[in-house]
Amino acid sequence: MTLTVQATVPLQHFDLAVDLTLPTTGITALVGASGSGKTTLLEVIAGLRTHTSVNVQFAGKCWQSKQKSLPLAERRIGLVLQEPSLFPHLTVAENLRYGWQRAQQHFLHWNDVVQQCGLSDLLEQKSRQLSGGQQQRVAFARALLAQPQLLLLDEPFSALDEGTRQHFVGYLRQLSEQHRLPVLWVSHQLTDIAEVSDNVVLLQQGQVLNSGPVLAQLRQEPLRSMVAMAVVHTPLPGLAEVAEQRLRIYARDVSLSLQPVPHSSVRNQLWSTIHARHETSCTGELLVELECHGQYFFALISTAAWQQLELGIGQKVVAHIKAAALHHPL
Amino acid sequence: MTLTVQATVPLQHFDLAVDLTLPTTGITALVGASGSGKTTLLEVIAGLRTHTSVNVQFAGKCWQSKQKSLPLAERRIGLVLQEPSLFPHLTVAENLRYGWQRAQQHFLHWNDVVQQCGLSDLLEQKSRQLSGGQQQRVAFARALLAQPQLLLLDEPFSALDEGTRQHFVGYLRQLSEQHRLPVLWVSHQLTDIAEVSDNVVLLQQGQVLNSGPVLAQLRQEPLRSMVAMAVVHTPLPGLAEVAEQRLRIYARDVSLSLQPVPHSSVRNQLWSTIHARHETSCTGELLVELECHGQYFFALISTAAWQQLELGIGQKVVAHIKAAALHHPL
Amino acid sequence: YGATAQEKVHIAVASSLRAPVDAIIAEFEQQFPNYDVTVAYVASGKLVAQVVHGAPYALLISAEPHYLEALYQRQLIQAKPVLLGFGELVLWHPRQHGDVAALIAAADHVALAQPSHAPYGQAAMGYLREQLAAEHYASKLVYGENVAQAAHRVHVGAAEIGFVALSQIIEMQVPQSDYTRLASAPLLPQAIALTAHAGQHRGAQLLYDFMLADGSQQTLVAYGYAATK
Amino acid sequence: MLQPSDYQAISLTLQLAAVTTAILLVLATPLAWWLAFTGSRWRGWVQAIVAMPLVLPPTVLGFYLLLALGPNGFIGATLESLGGRHLAFSFTGIVIGSVIYSLPFAVQPLTEAFRAMGKRPLLVAESLGATRWQALRTIALPLCRGGFVVAATLVFAHTLGEFGVILMIGGSIPGETQVLSVLIYDHTEALNYSAAHALSLGLIAVAVVVLAVVYGRRQPQ
Amino acid sequence: MLQPSDYQAISLTLQLAAVTTAILLVLATPLAWWLAFTGSRWRGWVQAIVAMPLVLPPTVLGFYLLLALGPNGFIGATLESLGGRHLAFSFTGIVIGSVIYSLPFAVQPLTEAFRAMGKRPLLVAESLGATRWQALRTIALPLCRGGFVVAATLVFAHTLGEFGVILMIGGSIPGETQVLSVLIYDHTEALNYSAAHALSLGLIAVAVVVLAVVYGRRQPQ
Ligand SMILES: Nc1ncnc2c1ncn2[C@@H]1O[C@H](COP(=O)(O)OP(=O)(O)OP(=O)(O)O)[C@@H](O)[C@H]1O
Ligand SMILES: Nc1ncnc2c1ncn2[C@@H]1O[C@H](COP(=O)(O)OP(=O)(O)OP(=O)(O)O)[C@@H](O)[C@H]1O
Ligand SMILES: [Mg+2]
Ligand SMILES: [Mg+2]
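Residue numbers (the working numbering), protein chains in the order written: chain A, 1 to 330; chain B, 331 to 660; chain C, 661 to 889; chain D, 890 to 1110; chain E, 1111 to 1331.
Calculated from the structure, these hints are not laboratory results.
Only a predicted model underlies this, so the values are computations on that prediction, with no experimental measurement involved.
Treat the hints with caution; some may be incorrect.
[Stated by the list, open to error] Derived lysine to aspartate or glutamate pairs resembling EDC-like cross-links, with alpha carbons at most 20 Å apart: (1) D/Lys1008 with A/Glu74; (2) D/Lys1008 with A/Glu83; (3) B/Lys456 with A/Glu83; (4) E/Lys1229 with B/Glu413; (5) B/Lys456 with B/Glu413.
Using the sequences and the hints, build the whole thing.
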C-alpha cells in the first residue's frame, strides 16, 4: 500500500518536480530549506493545488490525474496547513465538530483528542481570539477528529513551546502506532523528526534529493552532519536497560576511550568498532561512526582527541553514553 | 535608560497584568507557555492594542498613557508579528523599502540586511507568493530596514529550518552588540534564548513569573530544568581555548569523575566543587550544580552514578566537557 | 452660431406637446435668430413643483390648465393662462377592428394614462365611465405615467388597445383604420402662460405671441390638435 | 389617514422587495462565485454586462423589458407558444424587471466578498468532509455575511424605491402591480403632497428601522 | 445621426458621472471608514440613514431635494441670504442630487472592504513610519481596490442611468442639466423610438467597453 505522487508544478524560481512513492504506514518526514517546496508538495497531495501534470494515488485509489480529481471530502485527509486556517466565525468546539460530525466511524475519540491537545478549557472560545499556539493545537485536533486515513501536517507544532511540542511529537508517534494512521509531516525540528519518523524525504529546490528510512538517512549526508544523531534499537549489550525500544543517541553525547573508565558518572560503556570517520563543517571536529552488534551510531570528538588516542578505522574502542542523554528531551 | 510597561488588559480567561522595567540594552527574551500572553504584551508595547490602563515609557519618553498615545510612526519600532503581515500587493523589495524610505538616518545598510536575510533572489517576487519561511525573513528584514530604535519580535524565526534559524539568532546578537539595538523577542527555542539573550522575562497566565539576567534565570526554576544549560565566560582554567567569550554548557554534555581521566576523547577537564543538587522531572536523574572559579554550570547525571561515586555537596570533582559540545549547534 | 450673443429663452412644455412645439420653435428661431429657445419637456405635476421652487422657465405650456391656474393663484405666472389648443383622445387598435365596445370586450389589456394626474388618462376614464359598465373594463386597465407610456404599450403589443392622443397617432403616421376618434370624449385644453419673472424677457413675450399666432395654430392643427379659434 | 389602496400598495411593495431580494441572492451567488474565481477571459465582459441595467434610465429599460416580455417579445411569445401567458402587467413581470434592474447591486458586493475570502476556507471545509454545497452554506455564507448583507439591503431598498421599470412593465394595476413608489409618484404628480409626504415618511421610517436593526446587529471590527 | 444637442447631453452626462463619482469617493471613504471601525452605538442608525436615498422613488427624492435646494428651501434660502444663488436647476444642483442618491452605492461596498481588510495592515504601515494618511493611501487603497472599483463603477453607471432626481432638480436645461438619460427618456416620450434606440445602444456600448476594461484588469484569485 503506497502513496505515489508524480507532479510538475511551476513555481517562482524553479519547478516542483517530484516522482515519489511513499509507504502508507508509519511517519514520513518532509524536510528541506525554507522555500524548497514542502508546502507546495503537501498541497498537491491534499488536492489544494490542482494542475494538469499532477498524478496522485493513495492505497491503489486514484486521487488526482489528468482525467479525474477525487473530491477533497472523499480523500479523508487530516490536513494542518502552515497557517492554521481555523474557521473564524466558529468557536473552538464548533471547529472541532466540523469534521467530527461528518466522519463515518470514530476510531479517534473526542475526549482523548481534546485532552491530549489541551483544549478542554478553550472549547467555548471564539477561534479568532486564540493565541498562535492555541490555534495550531485546535487545527491539529480538528484534523484528527475528522477521523482521517492520512495525516498531512505542515509545520504543525512550530508555534508551540518546547515542552508542549515534545508532547505532541510523542502523541504523533502514538497515533501512528496505535491506529496505523499514516503521517506525512513537514517540520524544521530535525531532532523531532529523527525521534519519531520512519522515513525521510529531503527536498531541495523542488526536487527530491534523498528519500528513505530514517536510519539510513541519518547515516548519510546531509542529515548526518545536520543532525549528528543515530537511532538504535534496544536492548544493546552494555547499554543500561531502558523502557524505549527506539533510542536516539546524539553524537555529542558519546565520548570514546581506549579502556572502560571506572568512577565516572557515565554508566553506559559499549565496546564498539570504528566504522568510518567523517569530516564536519567545523574544522577541529570529527564525526566517528561506530558499529556495535550490527547497529550504528556516532561520536563527535575533536581531531586532537583522535590523534592523541591514535584512533583508526577498524579499531575497538569504548563508547561512553550518558544515561541521562538517552531520554532527556534536549 | 529603560522600557517600563504597566498594563492590565482583560483577556479570555485571565488578565494580562504586568508591571515591568526592562533595560534598553541587550536582548530580552519573553518566554511562556502557549497562550500565556506574550503576543498581547508585545502588542501593548508596540501600541497595536490600546487600552486605558496601559502605561508605556521608552527611554524617558511616554509612549502610552491614559492621556496620550504616541503615534506608531514616531515610536520607531522594528516590529515582527506572529503572522508575518507583509503587504500582499507589494513585491518583496517594495515591502522592504516601505520602512526604509521613511527612515531618517540609515545605520543598518540595505545590502547587509538583504544579504544576511538571504533575500537577494527574492526581491522582485510578489510577497503573496512566498513560502512561510521566506515571509518571515522578509518581515524581519523589513523591520530592520526601518532603522528602529527597538526591535519587538514575536516568534520571528519559527518557520525557518534549523541552520537558517541559527544564522538569524547569531545575526540578532550581532545587531544588538554592534548597533546597541535593544531587542525584545518572543521565542519557544529555549536554547536560542539561552544562547543570545541577556535577560529573560517569564510569563505565566498573563503575569510575570520571573524576570532578570539570563545567567541567574538559568540557575533558577523553571528554566533550570527546562533548559539544563549554563552560560560561562571564558577563559576558564581547564577549558581549552575557544574564540567565543560566552559559552553555553549543556548539563548533558558534562560528566563527572573523581579523578582526571587519561586516554579519553573528552579534552576539557575542570576541577569543580559541587554547589548543589537538584531533582529533575525524570526520576533517576539529577542536575548537579558545579562551581568553578566563581562560575556555575550543571552536570546531568543518574542518581545511580551519584551514589556509586559517593558524591556530596562541597565535594571536589572533575567535570568533563566535550570540546565539541562547546560550539556544535545541537 | 455663437458669433452674436443669443438671448436664451427657457420654456417648459408638457411632454405630449413635444412634436408640434419643436416644429413651432424651429420656425420661431428662424424668424428671430437672436433667440435660442431651450425646452424642458416635463409632466405637469413636476412643472408646478419646479416653478414653485424657482425654476428659471419664462414660459409654460401645460396640458393641465388648472395646474397653471394654481400657479396663477400663487402669482407665479403673469396673467391668467390662455388656451393654446385642444388635444383629442382616440382609441388606438392596430391589430383589431370593430366598434369601441367590442374592441374593449375583446382586449386583455387596455392602456391609458394615470387618471389621477394625466389629463388624457382623466379623459379616457371619463369616457369609459360614460360609455360602459365598470365590469366590462375595470380589470383590463393598465396605467402609464402619461399618455406616451400608454402609446408605448400598444406600440410593443403588451396592450392590444389604448387610449392615446390624436397628435401621437399623427406623429406615428398610423393608418386611419387602426384608430377610432371618440366623438363623445371631451377635448383636452392646452394652456400657455408667461411666468412672473418673464417680464424683462423680450424673447419670452415674442415666443408667447408667436405661439398664439395663426401660423402656430396651423401647425398645431397639423399635429392633431383642435385650434382655439 | 391611509386608504385601503395604500395598504394594498404597501403590502405589494414589501412582497415585491422580499421576492426580488430572495431571487437575486439565489441567482447572484453562483454568478458572483464564478466571477470571483474564474480565470476565463470573458470575466470582464460578463461583469460589465451585469452592470448594464444600471446605465439605462429605468423607464427606458422598462420599455425594452416590456418589448421582450410582451406577447410579441422574444420571451413573451415563447411563453405564449408554450400555452402560457406573456408577462407584461403581471406581478411576475415586475419581479423579473426588478430582478434585472437590481442584478448589479447583488452581484458586485458578493463578487468582492468572495474574492476577499478566497478559496482557502472552502477547501479546508471540504477536506474535513463537507460537500461543496455544505462548505458554501456553513463557511462561505457566514464568512461573506457582510457581502450578503450589503447585497440584500441594497437590493431590498432599491426595490422599495424603484418605480420606473415597474411602472412601465406593471401598468400600475392596484393589488397586482401598483407598488408604493408608483403610488407616491402619482400623489406628487397630482399635487397631492400631503398624501405623498405621509407615505414617504412612513416608507422611510419603516426602512430606517429595518435597516438599523440589520446593520446594528453586526459587530464592529 | 446624432444631433448637437445629443453630443452636448453626452458630454454633460459624462461630466456629471465623473464629478459625482469623484465627490462620492472622497466623501464616502471617511464615512465608510468610520462605519467599519467605530464601536459607536449609532453606527447602525447612520448606516441605515445612508441607505435612505434608495427607498424613495427618484422623482420623489428629487422633489424633496428641490424643496431643500430651491430658493424657499433651507439650503437654497441660506445660500441666497449669503449672497449666492440657490442650487435648483443648476449643474451644481444635479451633482448634489446625484451624490445624495448614489451615496449608499459608494458607502456600503467601501465599508465592507475596510471591514474585510481590518486595521492590522495599517498599524503595520504606521509602525514602519507611515503617517495615517500615507498608510491609507499606500496600503488601504490598494488592498481595498476591489471595494473602490465596485463603489466607483456602481456610482458611475448609476449616475449615467439616473434621471428621476436629475429631471426634478435640473429641469432638463440643455448644456446645463439635460443629461443623456433625460434625453433618451424625452425621445421615448416623443415616440421617437429610433433616436431612443440609437442613444441607448450607444450608451450601452460605451459603458460595456469601459466597464469591461476596468473589470478585466483585475486578476482573478
Ligand atoms: N503561489 C505561488 N506561485 C508561485 N510560486 C510560489 C507560490 N507560492 C510559493 N512559491 C514559491 O515556491 C517555492 C516553494 O514554496 P513552498 O511554500 O512550497 O516552500 P516551503 O518548502 O514550504 O518553504 P517554508 O519552509 O519556508 O514554508 C518558494 O520559492 C516560493 O517562493
Ligand atoms: N482578541 C482577544 N481577545 C480576548 N482574548 C484573547 C484575544 N487574543 C488572545 N486572547 C487570549 O489571551 C491569551 C494570551 O494570548 P497571546 O496571543 O498573548 O498568547 P501567546 O503567549 O502569544 O501564545 P502563543 O505562544 O500561543 O502565541 C490566550 O489565552 C488567548 O486565548
Ligand atoms: Mg511551507
Ligand atoms: Mg503569540
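Hints and how they fare:
1. Taking the CA atoms of D/Lys1008 and A/Glu74, the gap is near 18 Å; set against the 20 Å cutoff, the hint holds.
2. With a C-alpha separation of about 14 Å, the suggested pair D/Lys1008 and A/Glu83 falls inside the 20 Å cut-off, and the hint holds.
3. The hinted pair formed by B/Lys456 and A/Glu83 meets the criterion: a straight-line CA distance of about 18 Å does not exceed 20 Å.
4. Proximity of E/Lys1229 to B/Glu413 is assessed by CA-CA distance (about 14 Å); at most 20 Å being required, the pair is judged to hold.
5. For the hint linking B/Lys456 to B/Glu413, the alpha-carbon distance of about 17 Å falls within 20 Å, and the restraint holds.
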